[in-house]
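Trainee: Single-letter residue listing:
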Amino acid sequence: MENLKLNDTPVRTARNFAINNIELPVEIPNKIKNFENVEITNCKSKIDNEVSNKELTYGIGKIFEELVFKNANNKIRIQTTKQKEDIKIIYNFDEKNLNLINQIEVLAENDANITIIYKSKTSKQCFHTGIIRTIAKENIQLNVTIVNLLNEETNNFEAIENTLYQNSNVKYTIIDIGGRTSVSNYYSNIIGNNANNVLKTIYLGKDKQIKDLNYIAELRGEKSNIDIDVQGALNDEAKKNFKGTIDFKRGCKKSKGNENESCMLLSNRAKSIALPMLLCTEEDVEGNHSTSSGKVDEKQLFYIMARGISYKEAVKLIVKSKFNKIIETVQDNDLKDEILKEIDERLN
Amino acid sequence: MAENLLEIKDLYVNAGEKEILKGLNLEIKKGEVHVIMGPNGAGKSTLANVILNNPQYKKISGKIDFEGENINNLSTDKIAKKGIFMSFQMPEEIPGISTINFLRTAKNNITEKPVKIFEFKDSVKKYSEELNMNPKLIERNLNVGFSGGEKKKNEILQMLILNPKLAILDETDSGLDVDAIKTVSKGIEMYKSTENAVLIITHNTRILSHLDVDYVHVLINGKIVKTGTAELAKEIDENGYTQFKNM
Amino acid sequence: MKTQVQEVNRNIYDIKNKDNYEIKIQGLNKEIVEEISKLKNEPEWMLEIRLQALEMYEKLELPTWGPDLSELNMEKIATYVKPKTNLNTSWDDVPEDIKNTFDKLGIPEAEKESLAGVGAQYDSEVVYHSMKEDLIKQGVIYTDMESAVRDYPEIVKKHFMKCVPISDHKFVALHAAVWSGGSFVYIPKGVKLDIPLQSYFRLNSPESGQFEHTLIIVDEGASLHFIEGCSAPKYNKVNLHAGCVELYVKDNAYLRYSTIENWSKNMMNLNTKKAIVGKNAQMDWVTGSFGSKVSMLYPMSILNGDGSKTEYTGITFAGGGQNLDTGFKVVHNAPNTSSVINSKSISKDGGACTYRSLVRINENAKNSKCSVSCESLMLDDKSRSDTIPVNDIKTDEVEFSHEAKIGKISDKTIFYLMSRGLSEEDAKAMIVRGFAYPISKELPVEYAVEMNNLINLELEGAIG
Chain A
1 MENLKLNDTP
11 VRTARNFAIN
21 NIELPVEIPN
31 KIKNFENVEI
41 TNCKSKIDNE
51 VSNKELTYGI
61 GKIFEELVFK
71 NANNKIRIQT
81 TKQKEDIKII
91 YNFDEKNLNL
101 INQIEVLAEN
111 DANITIIYKS
121 KTSKQCFHTG
131 IIRTIAKENI
141 QLNVTIVNLL
151 NEETNNFEAI
161 ENTLYQNSNV
171 KYTIIDIGGR
181 TSVSNYYSNI
191 IGNNANNVLK
201 TIYLGKDKQI
211 KDLNYIAELR
221 GEKSNIDIDV
231 QGALNDEAKK
241 NFKGTIDFKR
251 GCKKSKGNEN
261 ESCMLLSNRA
271 KSIALPMLLC
281 TEEDVEGNHS
291 TSSGKVDEKQ
301 LFYIMARGIS
311 YKEAVKLIVK
321 SKFNKIIETV
331 QDNDLKDEIL
341 KEIDERLN
Chain B
1 MAENLLEIKD
11 LYVNAGEKEI
21 LKGLNLEIKK
31 GEVHVIMGPN
41 GAGKSTLANV
51 ILNNPQYKKI
61 SGKIDFEGEN
71 INNLSTDKIA
81 KKGIFMSFQM
91 PEEIPGISTI
101 NFLRTAKNNI
111 TEKPVKIFEF
121 KDSVKKYSEE
131 LNMNPKLIER
141 NLNVGFSGGE
151 KKKNEILQML
161 ILNPKLAILD
171 ETDSGLDVDA
181 IKTVSKGIEM
191 YKSTENAVLI
201 ITHNTRILSH
211 LDVDYVHVLI
221 NGKIVKTGTA
231 ELAKEIDENG
241 YTQFKNM
Chain C
1 MKTQVQEVNR
11 NIYDIKNKDN
21 YEIKIQGLNK
31 EIVEEISKLK
41 NEPEWMLEIR
51 LQALEMYEKL
61 ELPTWGPDLS
71 ELNMEKIATY
81 VKPKTNLNTS
91 WDDVPEDIKN
101 TFDKLGIPEA
111 EKESLAGVGA
121 QYDSEVVYHS
131 MKEDLIKQGV
141 IYTDMESAVR
151 DYPEIVKKHF
161 MKCVPISDHK
171 FVALHAAVWS
181 GGSFVYIPKG
191 VKLDIPLQSY
201 FRLNSPESGQ
211 FEHTLIIVDE
221 GASLHFIEGC
231 SAPKYNKVNL
241 HAGCVELYVK
251 DNAYLRYSTI
261 ENWSKNMMNL
271 NTKKAIVGKN
281 AQMDWVTGSF
291 GSKVSMLYPM
301 SILNGDGSKT
311 EYTGITFAGG
321 GQNLDTGFKV
331 VHNAPNTSSV
341 INSKSISKDG
351 GACTYRSLVR
361 INENAKNSKC
371 SVSCESLMLD
381 DKSRSDTIPV
391 NDIKTDEVEF
401 SHEAKIGKIS
411 DKTIFYLMSR
421 GLSEEDAKAM
431 IVRGFAYPIS
441 KELPVEYAVE
451 MNNLINLELE
461 GAIG
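Chains as they are written, first to last, in this note's numbering: chain A, 1 to 348; chain B, 1 to 247; chain C, 1 to 464.
Excised from the complex, chain A in its bound form:
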């Protein structure tokens, strides 16, 4: 097992602030066979495994990037068809499929909804790393939902790279509640004019879970928009690093960027670090960010408990109420129930 420095921020700050990257002991599985338990539903679009090995702009780290390019045990490339589809890709981790190194590439030439789910059907320790690349062509509406429901023994490392061309509209919803350590990198390259990217995330940490989120949006096109909304809760000794960067590149006139991260601390041993960066070399833009941390609202808690609900249930209710506006964007009702059930269990 070696200690790796992962998920570098685009701009460094003082080392003793402990946020430039995350240092973790990582064990990378050496024997990799194909990951068999994958379900792909509702897909009439063209599917193959001709994914690109083009270098990532950011990513989790070179070691993982090379691992994925060399040793991926599952590759999916989708070119969306004319008819708008709800494509679902489900990775079921089980006794025979403990390690997943995957690549997903979506070339959206037409509107589509893509849902990617990672589930554990085993309590054994699993490993996942992967690269998801989405490219939204002109005028395309693309919705991507990523759901991490991996068991508490599993380490999860995911890099996402998203490119937006003119007038495209891409919505990402990331439900990051599983895994022991979950490290994610999201990079949005907003090239086209009038492109619009919304990213909504919920994370939930318990026990000694670590969540490391590194979100980067670069605005290049005029009148473009990025909106990042991250809602989280940390219980027990869970720890979270949120690094969010909105980078207004020269020329992205009349663009707007908003970033909001809010972390509910459910325990006095939980730790939350946030680094919401705004970088700007263009005058004619509007950028806002806000972050907040704190306990569950005591007035709300009192109100709910006054109706005869236990403390624990009341906390759950409040956490879910904050998460709900994001979970509601998940269209599939069964999946929504599954997510809520998982949140319940993790808050027990």
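I should point out that these hints are in silico values taken from the structure, not numbers from a laboratory.
Don't take every hint at face value.
As the list claims (entries may be wrong) - Taking lysine to aspartate or glutamate pairs in the EDC-like style, the calculated list, with each CA pair at most 16 Å apart, reads:
#1 A:Lys295 to A:Glu237
#2 B:Lys165 to B:Glu195
#3 A:Lys295 to C:Glu399
#4 C:Lys369 to A:Asp297
What the hints assert, rightly or not - Chain C stretches covered by chain B per the calculated footprint, using a threshold of three residues with CB under 8 Å from any CB of chain B:
#5 401 to 413
#6 420 to 432
To be verified - Restraint-style ranges between C-beta atoms, simulated for each label pair:
#7 B:Tyr12 to A:Glu109: 36 to 46 Å
#8 C:Lys137 to B:Glu93: 45 to 55 Å
#9 B:Lys116 to C:Glu113: 24 to 34 Å
#10 C:Lys265 to A:Arg250: 16 to 26 Å
#11 C:Lys157 to B:Lys121: 52 to 62 Å
#12 B:Lys121 to C:Lys265: 39 to 49 Å
#13 C:Lys382 to B:Gln243: 48 to 58 Å
#14 C:Glu113 to B:Thr111: 27 to 37 Å
#15 C:Asp151 to A:Arg250: 52 to 62 Å
#16 A:Gln300 to C:Lys382: 44 to 54 Å
#17 A:Glu138 to B:Tyr241: 37 to 47 Å
Note that the structure is predicted; figures quoted are calculated from it, not measured.
Note that the Cβ used here is the ideal one computed from N, Cα and C, for glycine as well.
Let chain A serve as the given structure and place chains B and C on it in line with the hints.
Mentor: For chains B and C alone, kept in the frame of chain A given last:
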């Protein structure tokens, strides 16, 4: 016959790619009170903004003359100095600048000579009392944290202090309660004289019951489709704009 | 519509005196450090600190983040420049050329009108120090740092480089090795000064460094407003400022530390300021950063006492060729502590502003509060403005919120002001002035006047 104060001829105006004003004509003489009415989106606010040459709007053709001089290409401050005032529908909030200092700066700029400080303070005090304004308001930052009514009264206060030749009131009455409308009307009465003129832009008729109006124009789809007396406003009040839509 | 704001008039600050020194020592090594110590007749313990610091300096790396410092060549920088005068207690005894400079900066005049005491440093040495008679009677000490080492060794030993450890970063180590000048202030228990003390630092000598040390102890229940000003004429070669400010705010005490930093645009300003705040005490920082080519400056409050408070109010204005990396650090280290951070920046003509900060709320800081607000104004599309705030929260019993905004002056606001007869330039200047007002109003009058020199008057133009 008195000379025209403001004369607009065949004015075509775009906002971005969109045509807003499509051949508008208007003449205002000293001593007159004009009202422009029209449904939402007809181009009423555009007209006010274009007279003051807001760079957000582009004049395609036509001309705007003030006291016989073309002001099409004058910058906004120069137009203000010529004596045109606009009361904003949504006055801007400016943190860090007190209302009283702003007023004095504006007055200095308009008159192009430093005002006498005591005289100035007295007149501000007098007018703000007449307008039932909280005396502390003028010490606060310009429009910051003002209620809707306070902002509108502050616009009228500025009009009284700057004493322009032509006052354009863009939806000054909208969002105000009955008492505030009375106060604003009182402010307009105080300002009005035979030497100046008022152009009121509104989409309802409430404020008109407090004022003597000479002309009412109906603006629809970027053009003035009908001009009449105060009677016309009453007619609109009863029957709406539908009757003019096909004109 | 392009936003244009006039360049700041630097005439007053740019008066160059002849480089008329008694001693000028260039470079950095053990012999040089020993020589500086010897010139100052220092006790052995101080020399030991200097030598330890030099070792530390050699060990530590340059920061791996922030602005480029590669232009700085320590071998070329004069580490010690003694002007041709000793410490004086009357302006009449200060050499003519030096006195003229401080006259033009308005220091003796401000002393008469609104200050309780003044210290003035020229290059490496303090040339003037004086305080009102009645304060001496109350036991207030305000003197240059060298005198403090000689006259109050026990107090200095206990506090010097204890708030800021020499290992903090490379330039702190450098400072401790070659420090010279600066002010020492002690306010006895319960003594409340109602008018400020002010130290002014002037660097005249080209290609040299200023390494003044400011040590302030505000004892229990006492209160002080301390003002620091700095400026230098512009040279073509790099100058370095690596001062260090250590502030001890004891239980129930109050300290306000105001700075107007107006170094010339060839200055590398790598300064360190830190305060340790006791029980129910309050530390307020007011900072205006206008000058220097490169700044890395992040004042820090360590809230060690239950119920302690800190407030930071800062403005940074970067023009062409400037890279100003500024901000604030606060560590909440006790229950019921609170901090308020209010930062503004303006970038123009290719200037770069970075707001960099750390808010750390430790496990034991139950029932603490922190609110951060930063606003950045971009005046053109050649400039740069970055916001890099780290918020590290280690306990749940907190209220923490952070807000940041970036953008330009709204066209609508400009139109509104122009409709009242202001020219476009005046309208913009007025908006910028309003933007800076929350900071300028926190400054004492004479410094607000200096800030006026720097932005208000120039930006205002014709506005009365």
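Trainee: Give a verdict on every hint.
Mentor: Outcome of the hint check:
1. A:Lys295 to A:Glu237: Status holds; Cα separation ~15 Å.
2. B:Lys165 to B:Glu195: Judged against 16 Å, a Cα distance of about 7 Å means the pair holds.
3. A:Lys295 to C:Glu399: 8 Å, holds
4. C:Lys369 to A:Asp297: 15 Å, holds
5. 401 to 413: holds (count 4)
6. 420 to 432: Since three or more residues must qualify, the claim that chain B covers the stretch 420 to 432 of chain C holds, with 9 doing so at under 8 Å.
7. B:Tyr12 to A:Glu109: 36 to 46 Å: Holds, at about 41 Å.
8. C:Lys137 to B:Glu93: 45 to 55 Å: 51 Å, holds
9. B:Lys116 to C:Glu113: 24 to 34 Å: 28 Å, holds
10. C:Lys265 to A:Arg250: 16 to 26 Å: 23 Å, holds
11. C:Lys157 to B:Lys121: 52 to 62 Å: 59 Å Cβ-Cβ, so the 52 to 62 Å window holds.
12. B:Lys121 to C:Lys265: 39 to 49 Å: With Cβ atoms ~42 Å apart, the hint holds.
13. C:Lys382 to B:Gln243: 48 to 58 Å: With Cβ atoms ~56 Å apart, the hint holds.
14. C:Glu113 to B:Thr111: 27 to 37 Å: The hinted range 27 to 37 Å holds for Glu113 of chain C and Thr111 of chain B, with Cβ atoms some 35 Å apart.
15. C:Asp151 to A:Arg250: 52 to 62 Å: 57 Å, holds
16. A:Gln300 to C:Lys382: 44 to 54 Å: 48 Å, holds
17. A:Glu138 to B:Tyr241: 37 to 47 Å: 40 Å, holds
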